[in-house]
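Protein chains in written order, with our numbering: chain A, 1024 to 1503; chain B, 1024 to 1503.
Any given hint could be a false lead.
When chains are identical, the list treats them as one kind, so a pair holds in a single copy or across two.
Calculated lysine-lysine pairs in the PhoX-like style (CA-CA distance at most 25 Å, straight line) [said to hold, decoys possible]:
hint, residue 1, residue 2
1, K1435, K1064
2, K1466, K1341
3, K1453, K1341
4, K1389, K1302
5, K1226, K1435
What the hints contain is simulated information worked out from the structure, not anything from laboratory work.
So you can see what is in the structure, the chains are spelled out below.
Protein chains: 2
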Amino acid sequence: MDLNSEIFSASARRAIDWIIHYFEHTDEYPVLSRVKPGEIKSQLPELPPTLSESFDTILDDFEKIIIPGITHWNHPRFFAYFSITGSYPGIIGEFLSSALNVNAMNWKSSPSATELEEVVLEWFRYMVQLPTTFMGIINDTASVSSLCAIAAAREATAFNIRELGLSGRPDLPQLILYVSEETHSSIERAAMVLGIGQNNVRKISTDAVFRMNTDELEQRIRVDIDNGCKPIGVVATIGTTSTTSIDPVAEIASICRKYNLWLHVDAAYGGPVSILPEKRDYFVGWELADSIVINPHKWMFTPIDCSVLFSRRPDMLKSAFSLVPEYLRTAEQDVVKNYMDYGVALGRRFRALKLWMIIRSYGTNKIQKTLREHLNYAEKFKAKVEEHDDFELMAPVPFSTVVFRLNPNHGKHSLSNDELNSVNERLMNKINATGEVFLSHTKLRGNFSIRLAIGNIKTIEADIDLAWDIILKQAKEFCS
Amino acid sequence: MDLNSEIFSASARRAIDWIIHYFEHTDEYPVLSRVKPGEIKSQLPELPPTLSESFDTILDDFEKIIIPGITHWNHPRFFAYFSITGSYPGIIGEFLSSALNVNAMNWKSSPSATELEEVVLEWFRYMVQLPTTFMGIINDTASVSSLCAIAAAREATAFNIRELGLSGRPDLPQLILYVSEETHSSIERAAMVLGIGQNNVRKISTDAVFRMNTDELEQRIRVDIDNGCKPIGVVATIGTTSTTSIDPVAEIASICRKYNLWLHVDAAYGGPVSILPEKRDYFVGWELADSIVINPHKWMFTPIDCSVLFSRRPDMLKSAFSLVPEYLRTAEQDVVKNYMDYGVALGRRFRALKLWMIIRSYGTNKIQKTLREHLNYAEKFKAKVEEHDDFELMAPVPFSTVVFRLNPNHGKHSLSNDELNSVNERLMNKINATGEVFLSHTKLRGNFSIRLAIGNIKTIEADIDLAWDIILKQAKEFCS
């Protein structure tokens, strides 16, 4: 009953042509979609069609109805959140993977899916210079990779939580997880899911440049132990979401060793930069971590989703997750890797394929070159901010994200903090309303700060210059 | 630095041609890959390439190295596990979605992604005849959808687990979850992740046709309450994995109401059949559930992954999961839906696109027609088993999966149970070794049973006949 091959061929060719045209003209679209809430919905029928519709009609509607409601993550001037990026080789990888439609749950269900995942993650491990003791697995998102890591940390306490659970156990102290106040919210969410609870996530304060205060970390651990609680792990971040700050991982690792805590490193965004020899300083100590998450779908040209969890202790992931019912037992299960044993989801897409195609199509040299360009653009943008009397930098720029705000005449206009916050929020909204750039924001110690995050494969230096021009133009009314 | 458009165009066209040729000749491949453990790995270099490789080389290797290690889930005689199925419209949907590469985390990040998900899940809700009170969300897999549902059940206990967690709380009784001995292992895994613990998952026995015994369910609930435990929910299944049995959902629902328990219905496989008016009996009472999971990627022609979680109580999902840090706050957040608030993962692929294309391309009529064909093939295969003296049916066949075993001359050969198990395991392995069919197995009350699961869009009646011929031929040696 499937579409016939001729129609598939014609439709897929139309899709290719559309994608190419779209990629060559992405910068002609408003970055941020301009539709109002409900506008897309109102153009779609309330009920599904009874009869088959032609694929050309569907593709017409895709272009006419769906595209205007797209915020263009592919736009070279999408500078919001983290600017993630896909790429042509990754798209072909996804295309073939969706055609093969294998479930990479166990080795037998497609040996190539399992073995290619092993090989390509070995390549990736080698590229980011982690020791051979780290095993990798691909998950959908960093939220899930980190949840798996913390589940392993919880299992490593030897309270047999897998079997006995956490509730109604007088033998079980409160479990405590340590993060910094700059740690990504997905970690707090993981603690909620895992039954640790938000209140048992200790948010350690950060220093002037948003790095976790390790003195406070150790002090809190001691107080918690004295109070009969059970610290289970620490999450350190290399490239936090607000400012891309880098926690002192080596120091945190030695505290973890001292108190026998699991160290999880969130390098979801920053991780790929470890491919650059000149930036290895950022990663000192991460080889001491028990687990590390790096997302190729953020900053390594891979279409969403592809999040890699590396761990030195895959046995603990297996302890936390493995369950093999009769209908999934296979003759080979003791001599092969069955990735379903190491995470939450049984069903697993064949995500290694796109990563393999990307790494081969670019080679490590081109990947390095592009990351260096992005870092260089960020340096240039940072210099513009620093040199201007009406703007100030809000945080150091170790990676490709610049956090800044308008502060007319460097504060000599004597705007109150509330006024500055309001001015910057209005400025950002005006900039985004141009459709030429999309920036997002954060708050740093109560200060509304604008973020410009560079990461798209299509971004060139002229995009950074244009963004700055637009920012200056829109800022004028606040500086008079 | 991306591939240039000409190379992308040529490579993607080569991929289309390959896919079409593959789909038109899938039945010429051995269903189950014949490679040995390590065979794929040994053909791949240990280190990533430094320099860019041509895309034609990569596609050559895809065909030469990767494909022999693929188990063909697209093969019309893939009858193992649940026979999931993609389709041409779904593949084009994935292709475009990977090109757009949007993160459907909140409305602003692409209004079309959010609103199309709302619309297409309204269509789907209408198709499966659930009341308008159910809200849908797309997750990757049923493992995750069910985990979310049980997290909501846990949150609904009013113990404020989100904030306080589960451990070190003398006020908190043991939380108990009820399933049947036929419930899918992903539920037990969810209980492990959520800190409920395997030992607190009560596996209620099943009747002669593998349906949960509701008397025992209620009895266990009472005993647990008397013992000071806190029952939180029951998982009922419409289409269990081993036999596709159907739990008495209406009865279970009334027990849940009586004891104020969350009812989650796992209809991951069986759910789409609710589109058929003549099969509505199977689903009586599911409208009383608090949550229901249905996977379009199993039996509705959608490439993996696409799992729909419907819930009457989305507020509880939100209570369990919502966390909005400053950098994700948007002006519209109170008037739009932000799907990131209802699940584990922050990053979300634009999965609604493929489902929309599939439903439109086929229309509900063709979807019904194909499901009816699959049900009809199963009936026919079932009749063959029933009519043969050397085979026996091991369970009723409400859906498209037939569970049977070889029992020569209906037991008059007086093989012991162990011998029968060994014979059937050898028979299955011999059948699978032909490369013509792929069957899997389960154990029912200790009896090794062979499963033939029909679900592929390409399967036709001749494939069922051929499977039966192969089974008979391979069974001969055991019947002499």
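Results of checking the hints against the structure:
1. K1435 with K1064: Neither: 48 Å inside a copy, 65 Å across copies.
2. K1466 with K1341: between (39 Å within a copy, 24 Å between copies)
3. K1453 with K1341: Neither way: K1453 and K1341 sit 50 Å apart in one copy and 31 Å across, limit 25 Å.
4. K1389 with K1302: within (16 Å within a copy, 56 Å between copies)
5. K1226 with K1435: neither (35 Å within a copy, 70 Å between copies)
In the structure shown, a violation is registered for the earlier hints numbered 1, 3 and 5, in ascending order.
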